[in-house]
Amino acid sequence: ILSELPPHENIIRCFGFSIDAPQRPGGSGMVKLLLELCSGHLLDFQDSKGGKLSPKEMMDPFVQVAEAVRHLHAQRPPIQHRDLKVENVLQGSDGNWKLCDFGSCSTACVPGHELPRGELQRLQEEIDKTVTMLYRPPEMADVQLNYRKGYTITEQVDIWMLGCILYTLAFYRHPFQDNATPMAIWNAKYFIPSEHPMARSAKLCALIHWLLAADPKDRPSAPRVLEAGDSFKALRMFP
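Sequential numbering from 99 applies to the sequence shown in my numbering.
Calculated directly from the structure, the hints in this document are not laboratory data. Cβ coordinates follow ideal geometry from the N, Cα and C atoms, glycine included. Possibly wrong hints are sitting among the right ones.
Said to hold, decoys possible - Straight-line C-alpha distance at most 30 angstroms; calculated DSSO-like pairs for lysine-lysine: (1) Lys-183 / Lys-154; (2) Lys-287 / Lys-247; (3) Lys-287 / Lys-150; (4) Lys-287 / Lys-315; (5) Lys-247 / Lys-150; (6) Lys-154 / Lys-247; (7) Lys-150 / Lys-183; (8) Lys-287 / Lys-301; (9) Lys-247 / Lys-227; (10) Lys-315 / Lys-247; (11) Lys-183 / Lys-247; (12) Lys-183 / Lys-227; (13) Lys-227 / Lys-315; (14) Lys-147 / Lys-301; (15) Lys-183 / Lys-147; (16) Lys-154 / Lys-287; (17) Lys-147 / Lys-247; (18) Lys-227 / Lys-154; (19) Lys-301 / Lys-154; (20) Lys-227 / Lys-301; (21) Lys-315 / Lys-301; (22) Lys-315 / Lys-147.
As the list claims (entries may be wrong) - If you anchor each label on the Cβ, the simulated ranges turn out as follows: (23) Glu-134 / Lys-247: 38 to 48 angstroms; (24) Pro-176 / Gly-248: 37 to 47 angstroms; (25) Gln-275 / Pro-176: 22 to 32 angstroms; (26) Arg-122 / Gly-148: 43 to 53 angstroms; (27) Gly-148 / Arg-220: 39 to 49 angstroms; (28) Lys-315 / Met-231: 21 to 31 angstroms; (29) Asp-226 / Leu-103: 19 to 29 angstroms; (30) Arg-174 / Asp-145: 16 to 26 angstroms.
Work out the full structure: start from the sequences and follow the hints.
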């Protein structure tokens, strides 16, 4: 997918790839990618600041990741990254933040309530292999629960993951860091640390809650995220 994707300044560039044949019968080959050179990831940047980012330092990378997500979702069919996290956002030599690691990408929309029950276990195993548990949205956290609820797995999974990234940049912790269970994620059970200075921003907290809506249909589209993000970049997020 990455090699065929139209270029974007917030997506790591792929200059080429090769595929090595398996070394033994039945083995798997190796894919080698020639990628744009980038330095540390977004969590390194936050670590270097002692975990405390200014509103601009928080919103600049967040908006750039959202721009990358909008680019993916604008493709036909829309591309779901499915593994958005602070460790998968790198800083390029041009100073821009770049989304990387497209190994979990998919264009498949999965209506959980329509799958034969025999397919549910296969789907859960695939999700377990490719989607980081802490960042899974409710529709991916437990496909058995999703079968009863009927959420469809679409590009809205990336919007939930954007919410996890924004929460992490704001509070230097993950929203489900202390309770990364499928049930906690399913019920969107997380808290805003009220003692943190960033918690004073009602706009910021409202955006986080919007992104982390349990029902995918209640989450904004990537363009709507950027509309909100642009107003925050103007530093109008604090009263």
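Verification of the supplied hints:
1. Annotation: proposed proximity of Lys-183 to Lys-154 holds, straight-line Cα distance about 19 angstroms (limit 30 angstroms).
2. As the CA atoms of Lys-287 and Lys-247 are separated by approximately 17 angstroms, the hinted pair is consistent with the 30 angstroms bound.
3. For the hint linking Lys-287 to Lys-150, the alpha-carbon distance of about 24 angstroms falls within 30 angstroms, and the restraint holds.
4. Our distance criterion of 30 angstroms between C-alpha atoms is met by Lys-287 and Lys-315, whose separation comes to about 18 angstroms.
5. At roughly 38 angstroms between alpha-carbon atoms, Lys-247 and Lys-150 are farther apart than 30 angstroms, so this suggested pair is violated.
6. The hinted pair formed by Lys-154 and Lys-247 fails the criterion: a straight-line CA distance of about 38 angstroms is larger than 30 angstroms.
7. About 18 angstroms separates the Cα atoms of Lys-150 and Lys-183, which keeps this hinted pair within 30 angstroms; it holds.
8. Of the supplied pair hints, the one linking Lys-287 and Lys-301 holds, its CA atoms being roughly 20 angstroms apart against a limit of 30 angstroms.
9. Our distance criterion of 30 angstroms between C-alpha atoms is met by Lys-247 and Lys-227, whose separation comes to about 23 angstroms.
10. Between Lys-315 and Lys-247 the CA atoms are separated by roughly 13 angstroms; this keeps the pair inside 30 angstroms, and the hint holds.
11. For the hint pairing Lys-183 with Lys-247, the CA-to-CA distance comes to about 26 angstroms; that is within 30 angstroms, so the pair holds.
12. Note on Lys-183 and Lys-227: the hinted pairing holds, with a Cα-Cα distance of about 16 angstroms set against a maximum of 30 angstroms.
13. At most 30 angstroms may separate the alpha-carbon atoms for a hinted pair to count; Lys-227 and Lys-315 meet this at roughly 25 angstroms.
14. Among the hinted pairs, Lys-147 with Lys-301 is consistent with the structure: their alpha-carbon atoms are about 23 angstroms apart, no more than 30 angstroms.
15. Among the hinted pairs, Lys-183 with Lys-147 is consistent with the structure: their alpha-carbon atoms are about 18 angstroms apart, no more than 30 angstroms.
16. For the given pair, Lys-154 sits about 28 angstroms from Lys-287 by alpha-carbon distance, which is consistent with the 30 angstroms threshold.
17. The suggested pairing of Lys-147 with Lys-247 is violated, with an alpha-carbon distance near 41 angstroms, which exceeds 30 angstroms.
18. A C-alpha spacing of about 35 angstroms is found between Lys-227 and Lys-154, which places the hinted pair above 30 angstroms, so the restraint is violated.
19. Between the alpha carbons of Lys-301 and Lys-154 the distance comes to roughly 15 angstroms, so the proposed pair stays at or under 30 angstroms and holds.
20. Between Lys-227 and Lys-301 the CA atoms are separated by roughly 35 angstroms; this puts the pair beyond 30 angstroms, and the hint is violated.
21. Our distance criterion of 30 angstroms between C-alpha atoms is met by Lys-315 and Lys-301, whose separation comes to about 21 angstroms.
22. With a CA separation close to 35 angstroms, the supplied pair Lys-315 and Lys-147 exceeds the 30 angstroms bound.
23. The hinted window of 38 to 48 angstroms between Glu-134 and Lys-247 holds, with their beta carbons roughly 40 angstroms apart.
24. At about 20 angstroms, the CB distance of Pro-176 to Gly-248 disagrees with the hint of 37 to 47 angstroms.
25. Hint check: Gln-275 to Pro-176, Cβ distance near 29 angstroms, so the stated range 22 to 32 angstroms holds.
26. Roughly 49 angstroms separates the CB atoms of Arg-122 and Gly-148, a value that falls within the hinted 43 to 53 angstroms.
27. Against the hinted window of 39 to 49 angstroms, the Cβ-Cβ separation of Gly-148 and Arg-220 comes to about 44 angstroms, which satisfies the hint.
28. Separation of Lys-315 from Met-231 is about 23 angstroms and conforms to the stated range, judged on CB atoms against 21 to 31 angstroms.
29. For the pair Asp-226 and Leu-103, the supplied restraint of 19 to 29 angstroms holds, since their beta-carbon distance comes to about 26 angstroms.
30. Look at Arg-174 against Asp-145: about 38 angstroms separates their beta carbons, and that is not inside 16 to 26 angstroms.
Checked against the numbered hints above, the structure breaks hints 5, 6, 17, 18, 20, 22, 24, 30 and satisfies the rest.
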